[in-house]
Structures are given as structure tokens and as C-alpha cells.
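Respectively, the protein sequence lines represent chains A and B. Just so you know, we're using the working numbering here: the first sequence kicks off at 1 and counts up by one. Just so you know, we're using the working numbering here: the second sequence kicks off at 1 and counts up by one.
Errors might be hidden in some of the hints.
To be verified - No more than 20 angstroms apart at the CA atoms, straight line, and that leaves these computed lysine to aspartate or glutamate pairs for EDC-like:
1) A:K23 - A:D242
2) A:K232 - A:D28
3) A:K155 - A:D99
4) A:K113 - B:E251
5) A:K113 - A:E142
6) A:K113 - B:E149
7) A:K113 - B:D214
8) B:K145 - A:E142
9) B:K150 - A:D99
10) A:K155 - B:E148
11) B:K150 - A:E106
12) A:K208 - A:D99
13) A:K113 - A:E54
14) A:K155 - B:E251
15) A:K155 - B:D236
16) A:K208 - A:E156
Derived from the structure by calculation, the hints contain no laboratory data.
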Amino acid sequence: MTAVPARSSEWVRPVTSKDPASKIIEIDRVSQVFQTSTRRDHVALSDISLTIEERAFVSILGPSGCGKSTLLYIVGGFVSPTSGAAKMKGQAITGPGPDRGPVFQEFALFPWKTVLGNVMYGPRQQGVRATEAEAQSRALIEMVGLKGFENFYPKELSGGMKQRVALARTLAYHPEVLLMDEPFGALDAHTRTRLQNDLLNIWERDRKTVLFVTHSVDEAVFLSDKVVMMSKSPGRIREVIDIDLPRPRRRNELLLDPRYQKYVVDIERMFDESDESGAAL
Amino acid sequence: MMSPAALTRRAAPVLACIGLLAVWQVASLALKNDSFPTAIEAIRAIPDILGDKESLINILASLRRMALGFGVAVLVSIPLGLLMGRSRGVAAFFNPLLMVIYPVPKAALMPIIMLWLGVGDITKTLVIFLGVSLPVIYHSFEGAKAVEEKMLWSGAAMGLSPTHRLVRIVLPAALPEILTGCRTGLVLALITMITSEMIARQAGAGNILFNALDMGQYDTVFAMIIVVGAMGICLDAIFERVRARLVRWSEPQFDMPLSFS
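Please model the complete structure; the sequences and the hints are all you need to start from.
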């Protein structure tokens, strides 16, 4: 990894590479139809095609019910699409695997395990020796800011702390892609901001590919290289916007940056328009 | 030095027992009924029972059957309940069967089972097994059903196979609920143990009780009731200790999140 320049403005990373070899996830004409008890089937996703470049931070932004989480679950292999296919490095995704690590809004920690036990779980499952897994896990716990809480049970932790553990637990088994499903959606505003900052710091160190589902415009613009805007009923991709802002990003600088403000305002306007056109139908 | 609150908490069960015995004593003296001995008479008869080798053998035989019935029931019911909780097909198959068996008093099946298997240990153990199974299956089922899907997904992403997920995620996650079922099962094991011995009168703690009843030895009858009650309390206390250890992570005293993001 190259050294991070002292001043962020000196370093503008190319947002996407044109090299086709760097594609990591390809979503090809994916549709998802849920059978409902009422007359009509619910079309959660309609004909979605999307390519994610390696080491990019991509947000999927959309109103609730637009199927953005479903799309993430399809990439995770937790849900099979009704039609179409998703590929990871050219291989069709048929189920979950340690190359794609999820972080859920609900944290989904193992409550019977301590913080350390949770973080060690993945590496142990992969056959890493206990002493080694423990050393790595302790380092990760420190990285997410929970040093001293190794022997606490999830029940003893606040929501923000739980999500830190969940992030460390997923990072521990070195997935190539992080799948984040509204990870900060259940947190209060202050905690959410802190976790966004910390996630960005952690991510800017090793730049894993991240697919990040959110319904917050600020969050998407602040974190991402690319924002995929979705509309609902049926869930479609409305627009893909490259966020051309320098990294490493600092919140206090970014909030004052007119380019950041323009992205936020533009995206919000697009949402309002789609709401109106939706209402007119 | 214990705090007054802790002292009260410790003393409360003892006080309750003494209160119960006192009420019994007074009621018995007031009623003056031959078939209702006083608490003191009943307590005096306890050493006779526990000092008698044959009675002890009987009681131990009862406990052995109970342990066997309970143990086998738990070993069979937990996996079945967990499978039902995670597979709609398995649940759809077993649920109606259990619905039919649940309301039937297991002791009512005794005469039929006796016809098939005789009056020996197998019949009684089987009845205990049936009595324990249903609450354990039911609670394991509910516990497994309530396991968060995302927790299983997290495990799947780490590479856990479906079987591993059942054993290493569903089982521990459902453990508090499963143990609630086991606790109910333990009490039911004691009840079915006594009733089975009441119906198949041959040996056991229930046999001592009902023989004494036939012979009009009411102090022995009540002494046995105390003994059975004490056994229940002891078993429950032991079980509760084990349970608390196993599911310490889910206990309410841990329910105070730290205020730190």
C-alpha cells in the first residue's frame, strides 16, 4: 500500500478503473419476485445489471422497499434470484462464502460468545490456529476501538459497540468483498457519524471492495466512490453516480466542500423527482 | 456481611417452608382426622423410610428410571425440536402428531403400554420419556424458530455447513429456551415417575407411598410426600445451577448496555 499523502487534496484516486480485469462482482439482469398472499406477486428487483470494480466503495441508495437489501443478499448468496445471475470474479454465486463478508443492521452477533469469541469465530472456522486467531482478533478489536472489551458479552454492549464487533468479526476472516446492509441504520445520529468516520479510516487503510446499502444520501456520498440510485416498485437502477471527491476524506473538510454539497443536493433532488413522478402514476 | 435485602432473599424460601408446615400442623390439629397426621408426625416418619434399606433401594430405582427417561428424552427431543424449528417440512410432519399426543395424560397410556411391554422398568421409563419429551420438543422448536436468520447467514458466510449451523449456531442460540423446556421436563419426570409407580405397583417411591396408603399408615404417606417434594426441590435447584452457568450470557443482569458508542 502506498503512503497516504499528508494533504488529502494532493491525492485524487481514479474512481473506477477501465481495466476489465478489475471487475469483481457482476450482476447480470437479476430479477427477484416474491410471492405474496395477496393477488399480485411483488417484484422486488426488476432486471438489474451492475458491475462492481475491485477495491471500490459502492453504495446502493434507495427508498425503503426498493429491494436494495435483496440485491445485497443475492450477492451474498443468501437469496437466489428469480432470474438472472450474479458473479463473483467470473464465478456464478450459488451460496454464501467467506469471500463475501456480510455486516447486518441487526448486528447478528453470537450472543453466547464474548467479543473475542465472536471475532475469532470466522478464523477458527477457516482452520487458523487458536493462538494465531486470537492474536489477529485482538488486533482487530483494538482497531475498531474496543480494546478492553474482549471478554464482554454482546448483551453488555451498546448498539454502536455491537456493530463495531460485527465489523471486526467479518474483517477477521478476510473477505474480499464487504457486504454492508444498512449497518448504521439502527444507531442514533451521533453514533452513526462516529462509525462512519471510523469505517472510512479502516477502509482507507486496505480498501476492500465494499457494497454498502443505505437510505441516507449524506452517508452514501460521504463514504462512496460510486452511488447506485434505485427506485422502487419495481426496484430498478435509476442512476449510477461517480463521487469524485478526494480521499482520505474528513467529515469536517467535506461538509464545507461545495462539490460534496452539490452531490447531496443533486441526489436529493433526483429522489424528489422520482417521488413526484411516482405520485403522478 | 450480607445486606438486609440479600438476607431476606436467602431466608424467604426457608420461611415459606416453615410457614407451610405450621399451617399444616394447625390444620391437622383442628381437623382431628385420622387420615391427616400432623406435620410433626409426618416428619418423624421420614427417618424410618430413609433408614430402611428396602425403601432406599426403591427410591433409588425410581430415580434411576427417572434419570434414564429424562436423559433419553432430552437426547431425542432437542435434535427433533431444533430440526422442526429450522425445517418447515419436518415441522409440518411432526406438529400434528405432537398436537395429538400433547393433551393426553401420559399416565393414561400406561395400561396400554403395560399390555405391550409388561409392568417392568421399560414401561415406566417409557412413560417418563413421553412425559419429558413434549415440553422439551416444544421449547426446542420455539427456540430454534426464533433464531435470527442473519445470525445463520453470518455463520454460512464463514463457511459453516447446514449441519454445523444447526449444532454450532441454532443449538447455542436456542439454549435458554431449550433449558426452560428441560426444567419443565424435569418436574414432569418426577410426576410421571410417581404416577407410573402408582399404576404399575411393583417397586419405587410411588409404591411405598401407595402401599402405606392401602395400609392406613398415613404418617408414612405424608412423609413420602415430603420426601418426593424435597427431591423435586433438590433436583430443580441443581438444574437451576447448571442452567444459570450454561446461559450466563443471556441473563438479565447483563441487560445493562454500557453507554459508549
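Out of the numbered hints, which ones does the structure contradict? 3, 7, 8, 13, 15 and 16
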